[in-house]
Amino acid sequence: MGYDGLSAQARAVPLAPAALALGVSLLAVLAALALLARQPAAARAARWGGVAVALAGIGLLAGALLGGGSAGSLALPLGLPGHPLLVRLGPRDGLSLLAALAAGAVALAASEEPPARLLAALAAALLALLAADPEGRLLGVAGLLLAARGGGNAGRAVAVLAVFGAGAAASGTAVGTLLAAFGLAGLLAVLAACAAEAAETAGAAGAGLAATLGALVVVQGLAHLALPASAAQAQGWFPVAALPAGALLGLGGAVLGLRGERIGAVAAGALCAESGLGVLALALAAIARDMDRPATLAVAATGAEIAGLTASIGAGLLFLLAGRVRARAGSGRLDALGGLAGRVPRTVALLAVAAFALSALPPGAGFAALRRLLVAGADIAAQGREGPALAAVLAVAAAIAIAALSAASMLRLWGIASLGRPRTPRAAGAEEKAQGDWPLAGLALALLALGLVPPPAGGPGAARLALLLLALLLLAGTLLAALWRRAGRGMREVEPWDGGRPALPSWLPFGDPAGQVSAAGFAWPERPRWARGRAWFGAWRGAVRSVDAAGLVLALVAAGLLLAALGARP
Amino acid sequence: MSLSGGLALALHGLLLAGAAVLLPGFADWAEARLGHGPVPPAFGFWHELRRLARKETLRERGAAGPAPLLPAARVGVLAVAALLVPSFAAPLPGAGLGDLPTVIGLLALARGLSALLALESGLGFAGVAAGRVVLLGAVGDGGLFLAGFAAAVPAGDAGFARLAAAPWPPAGWLFLTAALALLALLATGRGPFGGGAAAGAPAWGEAALAEAALGEAAGEFAGSGRDRALLRFGDGLRLVIWLDLLVCLLVPAGMVAPGAGAAGWAIALAAWAAKAALFTVGLGFAARGGRLSPHRARAAAGAAVALALLAALAMLAARVPA
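So the sequences go chain by chain: B and U.
Going by the working numbering, 275 is the number at position 275 of the first sequence; the sequence numbering is gapless.
Going by the working numbering, 101 is the number at position 101 of the second sequence; the sequence numbering is gapless.
Please note that the accuracy of each hint is not assured.
[To be verified] Here are a few chain U residues that sit away from chain B, every Cβ distance over 12 Å (derived from the structure):
#1 Ser4
#2 His47
#3 Ala72
#4 Ala130
#5 Gly143
#6 Pro192
#7 Ala253
#8 Arg291
[What the hints assert, rightly or not] Which bits of chain U does chain B cover? Going by a derived footprint, with three or more residues having C-beta under 8 Å, they are:
#9 170 to 178
#10 274 to 287
[Claimed, not checked] Example chain U residues on the side facing chain B (calculated, C-beta under 10 Å, incomplete):
#11 Ala10
#12 Leu11
#13 Phe43
#14 Val77
#15 Leu78
#16 Val128
#17 Leu135
#18 Val139
The set of hints was computed from the structure by calculation and includes no laboratory data.
Virtual Cβ for every residue (Gly too), placed ideally from N, Cα, C.
With the rest of the complex left out, here is chain B (with noise of 0.2 Å):
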């Protein structure tokens, strides 16, 4: 038994991945004559031959979603002795290698950055995201994490590299499955933390781009895992694995876009959060395939891939407008901004709809993923065998810690950025300019209609088109509510009323900054108990630091794992 994923819900993929292997090629040297060229040109032609690429890619693609045929592989000229490396096109790729091929092609055309990073990201994840053997995976996985390089952060990429390495030479077994379902989800947190880190600095896109493609690598690469093609390499131990993975993957996204101070920092904690959702119900899907049960198999791998375009689209979307933000209004801290809402408004538009999508509430994309979530839960629940039944529960109870406080972060992005009054003057002079609008509102619109995918026919779940009319009652609501408003007894324009405070000093025109909740306050009000002593916060990093020194040993013994894998097969 089976899943085919959303794209085969349209058609299968029909396409031969040569192309698509040629396009990574392509990409590869681009980013390679971006990084040598010193000429401003080369970097540019660099640049836009990328987009050219990405949006060749896109069409080939879109034209084999809507064309119909067969998947194919292909063995390259390149790898091991012995060992070329294999590319294939799955039924089950299709949407991944889109959204990766919109995303990249949006990051070059949107951002200002030297598009070296930018391109070496998009081939990697290609490379990560076509490969059909362990070895491939690992050389994208390897691509990607160097192109979201960050200074902090390279013991773990090792360490990350040395667990998805040993996982991959175990392959096929249940502690290759295992190792390399914690590799997978690792991998995440670390482009995550780098993409957190350069959230302030110059190659802030770079290690964007990195962390959103990595989420679609991560959720694809889990979903072949948990679903293989054949019922006879699936492994029992999957949700074992991914349970508490993404339980751990999703909190601490959750609790980092809480806590996040900067743009890039929330959108690095909301791909974290997002993708743990997908990977939660990756591992319902491999439950509920175990059971026998179809249709909840089919609502739960929907939702994974749910999960995981909303992810890559959404919190590649705010990474991008974190660039602008920073841009237009000279600083991507959300203690420095405050009252975009007049002043830059489409660019406030375009956050409202990425923090809408990551929040899971209706109608957006995320609430679809939970809502599947949710049901494939609760079905795996009603059977009553025990082990699944519980571990049914803490998924949907992880699940449900991790939208809420999505939703509170969100809700704390957009309200401190946008509303109030500005926190600096810099902020105050914030401009709008008309420049990158489109691709970024292509992206927006495309988040927009992924929350409005219905549900397969015949499985769990509500009506067909029921999003969509959902969405179109609470616009009808809201109008019919804002007309009686209009039609009151009048409106009058008054002073803004400042809570009854004394008259401001002149040299504090812009009102006083320290007058509204910090980003800091809103998340936190108050330090509860058990937060508060030094020893669990240093113990903390201290872990963190020894993941750090035991990377480049793990790394040793891993490679050594892997060659004696290869030597062993045949």
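Given chain B, work out where chain U should sit, using these hints.
Just chain U now, kept in the frame of chain B:
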């Protein structure tokens, strides 16, 4: 849509609108009668809404962005959520548009809009209160989703018609009742978490943890006239949504199918009115013990989550064969 279904939906809408403008006043009255202090008129809420609707709406100079739309959007969201939860008859036409998770999400969305309104006012006090309400609401939503999960698994679906028709009492009914009662009090800012007119205390200040107080404060700072009327009407709608949610999940007895005929409708309407009266009296009793501090409210939200988790585990234990 059948004729009886359409009629039932229209009656459901009328019932909602009527209850939303009357129930908060009745609840204030009951709280004061059962507690201490001056007793407000039972129709006070309705008179206040009419007074506000006739007043001029004030708009802050230089206000831009989405702020003027927020009260209307909040009412729109709450009205749709209220229409989705059945009161006296189920399933109503359009029931497929949303189930329990959708309604919980819409309630969270409405709370988010209140918080945005408070942030738009630019006042530190309002911003801190918005942060508290959003975080407390996130914990409460977790409890509500879990409680809904515990109720939906035995029913086989999270649609309200199936929930109302599930075998009664469900496993872990006591845990479910305690969790939902706590969450209802927290979300509507009533009973020990309130600080409204009935308690004779300022609606703003230490009671800022309650969502109702936030709406009040946001209205006080960021709105007037019809804006404020919309905010208050939204509070009424939220109270009715919680009444219908409790009826549907805990005491669905008396609910009929839309095609049950005039006699069936009369009995169902009477049953709903009796439950609403019981709910009002219950709110009054809940307020007798006095108000709790914000720290206690946080603990209460945590307790609600724990109770909901216990309800889910009790449901699980009942389903797993020995």
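Checked hints:
Annotated as non-interface, Ser4/U keeps its C-beta farther than 12 Å from every C-beta of chain B; the closest such distance is 20 Å. At the 12 Å boundary, the C-beta of His47/U stays outside the reach of chain B, the nearest C-beta of that chain being 17 Å off. Remark: the non-interface label on Ala72/U conflicts with the geometry, its nearest Cβ contact in chain B lying 4 Å away (cut-off 12 Å). Look at Ala130/U: its CB is around 7 Å from the nearest CB on chain B, not clear of 12 Å, so calling it non-interface is violated.
Separation of Gly143/U from chain B is inadequate, the least Cβ-Cβ distance of about 9 Å not exceeding the 12 Å criterion. Distance to chain B confirms Pro192/U as a non-interface residue, since its nearest Cβ pair spans about 20 Å, more than 12 Å. Taking the minimum C-beta to C-beta distance to chain B, about 23 Å, the non-interface status of Ala253/U holds against the 12 Å cut. Under the 12 Å C-beta cut-off, the non-interface status given to Arg291/U relative to chain B holds; the minimum distance is some 19 Å.
Residue count for the region 170 to 178 of chain U with a Cβ under 8 Å from a Cβ of chain B: 0. That is fewer than the three needed, and the coverage hint is violated. Here's how the region 274 to 287 of chain U fares: 0 of its residues keep a CB closer than 8 Å to some CB of chain B, so the rule of at least three is not met and the hint is violated. Restraint check, Ala10/U versus chain B: the minimum CB separation of about 16 Å is more than 10 Å; hint violated. Checking Leu11/U against chain B: minimum C-beta separation of about 19 Å lies over 10 Å; hint violated.
With its C-beta approaching chain B no nearer than about 21 Å, Phe43/U sits outside the 10 Å limit, and its interface hint is violated. Because the closest C-beta pair between Val77/U and chain B is about 6 Å apart, less than 10 Å, the hint holds. Interface restraint check: Leu78/U against chain B, minimum CB-CB distance 8 Å, threshold 10 Å, status holds. The criterion of a C-beta within 10 Å of any C-beta in chain B is met by Val128/U, whose closest approach is roughly 5 Å, and the hint holds.
With a cut of 10 Å, the hint placing Leu135/U at the interface with chain B holds, because the nearest CB-to-CB distance is about 6 Å. At a threshold of 10 Å, the smallest CB-CB gap from Val139/U to chain B is about 7 Å, leaving the interface hint in force.
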